[in-house]
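K.L.:
Chains A and B are the protein sequences, given in the same order. Residue 63 in the working numbering is what sits at position 63 of the first sequence, and the numbering runs on without skipping anything. Residue 1130 in the working numbering is what sits at position 130 of the second sequence, and the numbering runs on without skipping anything.
Keep in mind that the hints are not guaranteed to be accurate.
Unchecked claim - Below are the SDA-like pairs computed for lysine to any residue, each with C-alpha atoms no more than 20 Å apart in a straight line:
no., chain 1, residue 1, chain 2, residue 2
1, B, 1590, A, 57
2, B, 1590, A, 120
3, B, 1326, A, 57
4, B, 1320, A, 168
5, B, 1313, B, 1343
6, B, 1320, A, 57
7, B, 1320, A, 120
8, A, 174, B, 1444
9, B, 1313, B, 1257
10, A, 74, B, 1421
11, A, 74, B, 1444
12, A, 174, B, 1446
Treat the hints as calculated values from the structure; they're not laboratory data. Predicted, not measured: the structure shown is a model, and the values here were computed from it.
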Amino acid sequence: MCWRFFLAMNLNDTDFQLFAVPATFAQDRAALDARWKELQREAHPDRFAAQGAAAQRVAMQWSVRINEAYQRLKDPIRRASYICELHDAPLNAENNTAMPPDFLMQQMEWREALDDASDIGAVEKLQAEVDAGRARALSSLDWLIDEKGDYPAAAQQVRALMFIERFGQDVEAKFDQLGQ
Amino acid sequence: MALLQISEPGQAPDPHQRRIAVGIDLGTTHSLVAAVRNGVAECLPDDQGRVLLPSAVRYLDGDRRQIGFEALAARAEDPANTITSVKRLMGRGLADIANRESMSYRIGGDEGGMVKVQTSVGEKSPVEISAEILATLRFRAEDTFDDELYGAVITVPAYFDEGQRQATKDAAQLAGLNVLRLISEPTAAAIAYGLDNASEGVYAVYDLGGGTFDISILRLTQGVFEVIATGGDSALGGDDYDHALADFVLAQTDVKVGNDSDKAAVLVAARAAKEALTDSDAVVFHADVAGNAARFDLTRAHFDAATKPLTDKTVAAVRKALRDAKLKADDLQGIVLVGGSTRMPQIREAVAAFFGREPLVNLNPDEVVALGASIQANQLAGNNGAGDLLLLDVIPLSLGIETMGGLVERIVPRNQTIPTAMAQDFTTYQDGQTALALHVVQGERDLVSDCRSLARFTLRGIPPMAAGAARIRVTFTVDADGLLSVSAKEQGSGVEASVAVKPSYGLSDDQIATMLQESFSTAQQDMQARALVEARVDADRMLLATQSALDADGDLLNEDERAIIDAAMSALREAAKDSSEAAAIEAATKTLANDTEAFAAQRMNAGIARALAGRKVESL
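With the sequences and hints as input, model every part of the structure.
P.N.:
Given below as structure tokens:
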């Protein structure tokens, strides 16, 4: 196995290769944070500030690439969608908005409840439901990707999560509106 | 004069290897320069032992100027030609400037995006005026070390936008400084504090200066300073407290101010009263206005009430930054107060009440930013070996482009770690459309008209296609200084256009070159001699860097490539030794830089790739 330790990194490596973590949905956030800082310590343009413009440009390329990978790996939705893409099951979120009827029903119920909510208590109750819905969707993603390897189904689940996230933002906005 | 050279362990004994790098805090009210000497960061005093340089420039007839205390002393006597608080004008158009009518000097048109100050010796741009202050600090540092500066880290408010950052960088360039990096003021303060107290955890830095307010939330872990969220107001500071207090007193008394001298006198009196109220509960406000003495018995309660809306504004920004960071006040390890204006008791009380604990104030709030900047400068100059300090800063405001209907499509969201590059695909909306106009904006609002316009450029030569068929990828790249460049590429045909975001607010390189030639406060200095010394320092720097690159990675080159570099090196060595023409040395330096460019890129790439792979071994 020693051979691979001597291979240099490549700008085209996947995020998982760059961070030397398993290409799974389950990730240890603390390990990602630590790894991100380790990598930036090597590649950040500040390390090469005394070495001229060419050095700055190359360091910047690497540093940008490391930040890009980190942003994608640490966010569960972006990470899941990236894994689906790597397995030829892209999301096409703009073109593909078909969702199961029961999911859409629940979304509509939530929206109505949010419109009707007139006090903080009601919004908090809704937020708890959204949090539970998000947790359920994430654990099903965990199962679909890491256990079953069913990427098209995972892509569908990611699209559902995007709906939930967007609704979560509206709930936040409602808190602002009610002066919390 | 160096009879003895004493060097600390781990420091380079050779003066040519030890580069002099400084940190400069270019403040609204005053500015400072600091450097790491014998391993300790310290502010450099002027020849009278004062570290603060008032950020004031007075223009006099005959191409003379006064800078600092002398200028400040003349403020009431010659208000129109004495410019204070110029930082508030940096990168700003007329519409951006609050309190314009209560300023004691005249602001003129904003062609090219930035206002000018009208003085009796002509129009002066805020960039030129700031350059006077920076040049004064540069000479102070060079006199202290009796040597040329290698470079400087300049601090800017975290909440400075693109235009303001670019204007600051232009001013530094105009003052003949090699800018190693722009870093944000709260981050610089955190470096000084973090290293001083060996802190770990999440901290908030509340920085209220003379004209700007910043709040930054940072995570400190083993020498890494990661900014999680930042917020603030780049037009809110101690000056506004002066104005509010002056307005309050004028409303309470029936004193009318007539001319610029009156305005300046009232503001000077308000500032004195504000400072006195830090230590006492009551003070007599006194100003000579329109030939009469204006008096008012002022209490701290008056002052607190008159300025409460300003204090509340800062607390609202703190709340927003915490929300962006997804943190609660209890999650923080501590709150650091920075900036002279945090001496006001109402600020300390408001911060303590919001966070439910007393803020940290054990470093001098005036000096802490410059000290932190000098520590970073020392490291960037390579004096600290590989160093164990790493800054991961963010952009303060979202960046986007205008789309149909005057709406903003956000491309880089605020609080994104820099450097960063982010792209989005757009398409044409008309059949046969061959050009696409791009308007780059910055801000959090959804309407273009509510955001700051940064640049416009056009992608031309798109092959005619049906509407919606072209795929135009727009990429925003923000470098480690927080400066933006934008490029657009049609994916099918490969047609490209790009712009460095600079034209609307900064100066063009030509303008800077012209200004550099008109010797400003360096008039007394022998410009030619200085230019020659600078050219030699640059040549030295380039030769050293090339030699160490060849020693380390010479094997990456084939014989021909090596011969070209060797020839360029000896040409430069000769030019630096024999020539008394700065231009000839500069040309030889440039040639060597060009000839080594490919080698440098190759080596860097190999180096980083190796280092990252090495990291992989460790973490496996």
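K.L.:
Output the indices of the hints that this structure fails to meet, ascending.
P.N.:
2, 3, 6, 9 and 11
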